[in-house]
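Asker: Next come the chains, spelled out residue by residue.
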Amino acid sequence: MSQQRTLPQSKEALLKSYQKRLKDDIKSMVDNYTEIMKLAKIEGESQVSRPMHAEQDQYEMEVRAANIVRAGESLMKLVSHIKQFLILNDFPSVNDSIAHTVHRLHNTQKDCDTKLMVLRDEMSAHLFELEEEYYSSGYK
Amino acid sequence: MSENLTKLAHKIDFTKDQCDGKNYTSTEGDKASEDESTGTPFQPSLWPWDSVRTKLKMALTEVSVLQDVLNITKQKHYMVLDTVSAEAPEARTGLHLYAKKRTLSLASSVLLNGAERLRRSQEASSKKIVPDFHQELLRVRQTWRLKKVGDTILGDLSYKSAGSRFMQNGTFEVTKSDVDPIDLLDSPNAPSHSQSPLQISVPSELEGVVYIQVVIKRLSDSTDLASAELSLPRRSVPSDTYWQHKLEAAQNAIFCKERSSPRSADSLLRRLFTWLLQLSREAIQVKAKIPHLVIGNQIFSHLFPGVQLSVALCHSTDKDKRMTQGSPSPSKHDPVLEHSLHQLLRETHFKNIYHPLPHPVTGIVGVSKRRCLAGPHAFTYSDMVELSCSESLLDRILKQARHTVVHQWAIKVVDELARSIQDPQISAHWGNISSPLESSIKVNITTPFVLHILTDGMRAVCKDGRVIDLSWEPQHLRDLILSQIAQHHIISVQNLSKMMGWPVLSVNTHLGIGDVEPVCNALAIMLASPNGTRVLSIRSGPVSRVRVGLQRYPRRSAPVTSSFDGDGTPPSDIITDPKWQNLGSAFMRVDMDKIEGRNFVNKIEILMASLTTE
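If you read the sequences in order, they're chains P and X. For the first sequence, counting from 1, position 102 maps to 102 in UniProt numbering; every step adds exactly one. For the second sequence, counting from 1, position 453 maps to 453 in UniProt numbering; every step adds exactly one.
One thing to keep in mind: the hints can contain errors.
Taking lysine to aspartate or glutamate pairs in the EDC-like style, the calculated list, with each CA pair at most 20 Å apart, reads [said to hold, decoys possible]:
#1 X:K176 <-> P:E73
#2 P:K83 <-> X:D151
#3 X:K412 <-> P:E131
#4 X:K442 <-> P:D121
#5 P:K77 <-> X:E116
#6 P:K41 <-> P:D25
#7 X:K148 <-> P:E60
#8 X:K101 <-> P:E60
#9 P:K16 <-> P:D90
#10 P:K16 <-> X:D151
#11 X:K101 <-> P:E132
#12 P:K83 <-> X:D132
#13 X:K148 <-> X:E116
#14 X:K101 <-> P:D57
#15 X:K147 <-> P:E35
#16 P:K41 <-> P:D57
#17 X:K442 <-> P:E133
#18 X:K594 <-> X:D573
#19 X:K148 <-> X:E173
#20 X:K412 <-> P:E132
#21 P:K77 <-> X:D591
#22 X:K100 <-> P:D90
#23 X:K442 <-> P:E129
#24 X:K101 <-> P:E12
#25 P:K27 <-> P:E55
#26 X:K147 <-> P:E131
#27 X:K100 <-> P:E131
#28 P:K83 <-> X:D591
#29 X:K603 <-> X:D591
#30 X:K147 <-> X:E123
#31 X:K442 <-> P:D96
#32 X:K101 <-> P:E131
#33 P:K77 <-> X:E123
#34 X:K100 <-> P:E133
#35 X:K100 <-> P:E43
Read the hints as simulated data drawn from the structure, not as lab findings.
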């Protein structure tokens, strides 16, 4: 049996987009890290004055660090989305759980039925005697 | 000549060092290639020295600017020229390093903060302190139908999959609650329900408590004969999770949780609506003798004269429920009717989904098995018509309700008679197997007869094989039992006579003489004593009860007790022959109350015994 079923177009696109997001995020992390490393290097003389240069470096690094964090969060979100996708579209497991529930309920039903039958038989036997007793007693 | 001059004038490049002799050695061909490379097309000018003039002008401007700058710096009023220090880079390396270090530490702190957030959220989910959204979602998914539309997760509450034909979209939305798991990690004492990472929002029209109330009422005194409330049963074990409560409430309509804002809604509402809609539609379609009334959410229908059935949809919000919780409902609740109505609904749903096999691809879906066989079996038109007319839901409910009413009346009649009539002991045994439309009762009056209670009436099957169909009127059953009692007296006397050796002179089950009974006919039996000197006449009527008369041979002037037909005949003076004494005299009534014995049969036995030995 082929496990690979043909997914609808939209699902296919969605999965592709998940892959793209994963790659983008990882790339963004790596790129930003490399950039930070590059910034960490002390450069030679430049046109801009030192304090200003330092300030610029600081901002750039912060932004890049924040970008890395954002990419991480985005990955977490991606994981959550994939989980959600799996939960909502994993029909075999849902069917399994439904089958399980149905089986359980069937068992319960059978159990209840047998118990009810026994109860009914007992009750009717007792009821017969009670009726007999009631109708022949003076207290009607 | 002038063209060539202009070309050469263009060639003069003021920016280049004129001493470089390269250009002068270039050949004519080089010049041509340079023309192409510069890309400036040849423009014939009016004056060949035009470009040279422009460039000289620019040079003049620059020289003027330079002179201005020099003047200004000389005056030292507006501008000061500073010497550039050569040792600066070496002196500021430490500062530079420090700045870089600070910058890196700031960046690393940002990274660490982010990492810490991620780590903590991971920790929270791994430690199971906070229920994971996805786990909850998975559990919801296992029980409910969910799908993702855009960014929202929508669920379906309707009973479509269970076979309901009511197409109202009962959607609910699953959202992630705003509670931050990290906050919860910090405060583990938070109330349990707020920890649920799932939030369910249901449409506002589904909020509240909804049930269908079926009430059977007697119109004369508006007392309830039976009532049933249709709603889903409560769960015996309440689950811990909030959403489950909510969704169950959403389907149950009963479950109201004491939450800050519990929203109990139900799709039962929809189901019941379906029902009600279908019912009301049918109510209008079905042509009854007394038409069904549909007013708002209520359907009124007449079961029997004076007995009304009302099917109503009750929808109360949570607040109303709380207000009315204190007062118990005055109506008489009938769980059997309720159960059978539930079964009816389930059956309808089941039939909607499961069609009998096989389904021909080209055939209509939902054709009954019998109709599939109609072709091969060559059904006639009338058979087909019979097949096609199906019973409407309302009809079935009416039938069940009628049965319930007739059933109740039968119980009442039998019990009343058993209570009021002591002599033949009446005992009844209810059949333990019954259907919503049929039940049975075995009434024992020495000889048992079985009473089937149907929807529109009753059917009595007597021991002797007679089948008597009765209408729904309780009086008819009463009459039947009374006549059975009358019959019982005569039969028991007949049996007794065999044991006592009294020959039976006549038995008449439908006596044509004497007082006319309001119900049925009286029965009579005449017995002779073994030596033939006594005749007992016993008449038993359903209403007039048992009367016993005694005749003696030979005649006696004094009556045993009071006369049967008024006064006893006095001895005649004219007829003196003793043979006439052997003629039967008038019957004298026996006062049965004064005869010893526990019951009628016992009394008759004693009477017979005393008359035999007399």
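Asker: All the hints need checking, so say for each whether the structure fits it.
Answerer: Hints versus structure:
1. Of the supplied pair hints, the one linking K176 of chain X and E73 of chain P holds, its CA atoms being roughly 17 Å apart against a limit of 20 Å.
2. Under the criterion of a C-alpha separation no larger than 20 Å, the hint pairing K83 of chain P with D151 of chain X is consistent with the structure, at around 14 Å.
3. In summary, the hint linking K412 of chain X to E131 of chain P is supported, as the alpha carbons are separated by about 15 Å, within the 20 Å threshold.
4. Distance check on the hinted pair: K442 of chain X and D121 of chain P sit about 17 Å apart at the alpha-carbon level, within 20 Å; holds.
5. With a C-alpha separation of about 16 Å, the suggested pair K77 of chain P and E116 of chain X falls inside the 20 Å cut-off, and the hint holds.
6. For a cut-off of 20 Å, the pair hint linking K41 of chain P to D25 of chain P is broken: about 25 Å separates their Cα positions.
7. For a cut-off of 20 Å, the pair hint linking K148 of chain X to E60 of chain P is broken: about 39 Å separates their Cα positions.
8. Of the supplied pair hints, the one linking K101 of chain X and E60 of chain P holds, its CA atoms being roughly 14 Å apart against a limit of 20 Å.
9. A C-alpha spacing of about 18 Å is found between K16 of chain P and D90 of chain P, which places the hinted pair at or below 20 Å, so the restraint holds.
10. Of the supplied pair hints, the one linking K16 of chain P and D151 of chain X holds, its CA atoms being roughly 17 Å apart against a limit of 20 Å.
11. The hinted pair formed by K101 of chain X and E132 of chain P fails the criterion: a straight-line CA distance of about 101 Å is larger than 20 Å.
12. Among the hinted pairs, K83 of chain P with D132 of chain X is consistent with the structure: their alpha-carbon atoms are about 12 Å apart, no more than 20 Å.
13. Restraint check: the Cα-Cα separation between K148 of chain X and E116 of chain X comes to about 31 Å, which exceeds 20 Å; the hinted pair is violated.
14. Annotation: proposed proximity of K101 of chain X to D57 of chain P holds, straight-line Cα distance about 11 Å (limit 20 Å).
15. Taken as a hint, the K147 of chain X and E35 of chain P pair is broken in the structure, with Cα atoms around 42 Å apart against an allowance of 20 Å.
16. Between the alpha carbons of K41 of chain P and D57 of chain P the distance comes to roughly 10 Å, so the proposed pair stays at or under 20 Å and holds.
17. Under the criterion of a C-alpha separation no larger than 20 Å, the hint pairing K442 of chain X with E133 of chain P is consistent with the structure, at around 15 Å.
18. Simply put, K594 of chain X and D573 of chain X have alpha-carbon atoms about 34 Å apart, too far for the 20 Å limit, and the pair is violated.
19. With a C-alpha separation of about 10 Å, the suggested pair K148 of chain X and E173 of chain X falls inside the 20 Å cut-off, and the hint holds.
20. With a C-alpha separation of about 17 Å, the suggested pair K412 of chain X and E132 of chain P falls inside the 20 Å cut-off, and the hint holds.
21. Straight-line distance between C-alpha atoms of K77 of chain P and D591 of chain X comes to about 102 Å, which puts the hinted pair past the 20 Å bound.
22. Distance check on the hinted pair: K100 of chain X and D90 of chain P sit about 51 Å apart at the alpha-carbon level, beyond 20 Å; violated.
23. Taken as a hint, the K442 of chain X and E129 of chain P pair is honoured in the structure, with Cα atoms around 14 Å apart against an allowance of 20 Å.
24. For the hint pairing K101 of chain X with E12 of chain P, the CA-to-CA distance comes to about 47 Å; that exceeds 20 Å, so the pair is violated.
25. Annotation: proposed proximity of K27 of chain P to E55 of chain P is violated, straight-line Cα distance about 26 Å (limit 20 Å).
26. A distance of roughly 57 Å separates the Cα atoms of K147 of chain X and E131 of chain P; the hinted pair therefore is violated under the 20 Å criterion.
27. A distance of roughly 100 Å separates the Cα atoms of K100 of chain X and E131 of chain P; the hinted pair therefore is violated under the 20 Å criterion.
28. Restraint check for K83 of chain P and D591 of chain X: the C-alpha separation of about 95 Å exceeds 20 Å, so the hint is violated.
29. Using a Cα cut-off of 20 Å, the hinted pair K603 of chain X and D591 of chain X holds, with the two alpha carbons roughly 11 Å apart.
30. With a C-alpha separation of about 29 Å, the suggested pair K147 of chain X and E123 of chain X falls outside the 20 Å cut-off, and the hint is violated.
31. Only pairs whose Cα atoms come within 20 Å are accepted, and K442 of chain X paired with D96 of chain P is rejected, the gap being roughly 50 Å.
32. With a C-alpha separation of about 98 Å, the suggested pairing of K101 of chain X with E131 of chain P is violated against the 20 Å cut-off.
33. Distance check on the hinted pair: K77 of chain P and E123 of chain X sit about 16 Å apart at the alpha-carbon level, within 20 Å; holds.
34. Between K100 of chain X and E133 of chain P the CA atoms are separated by roughly 103 Å; this puts the pair beyond 20 Å, and the hint is violated.
35. With a C-alpha separation of about 11 Å, the suggested pairing of K100 of chain X with E43 of chain P holds against the 20 Å cut-off.
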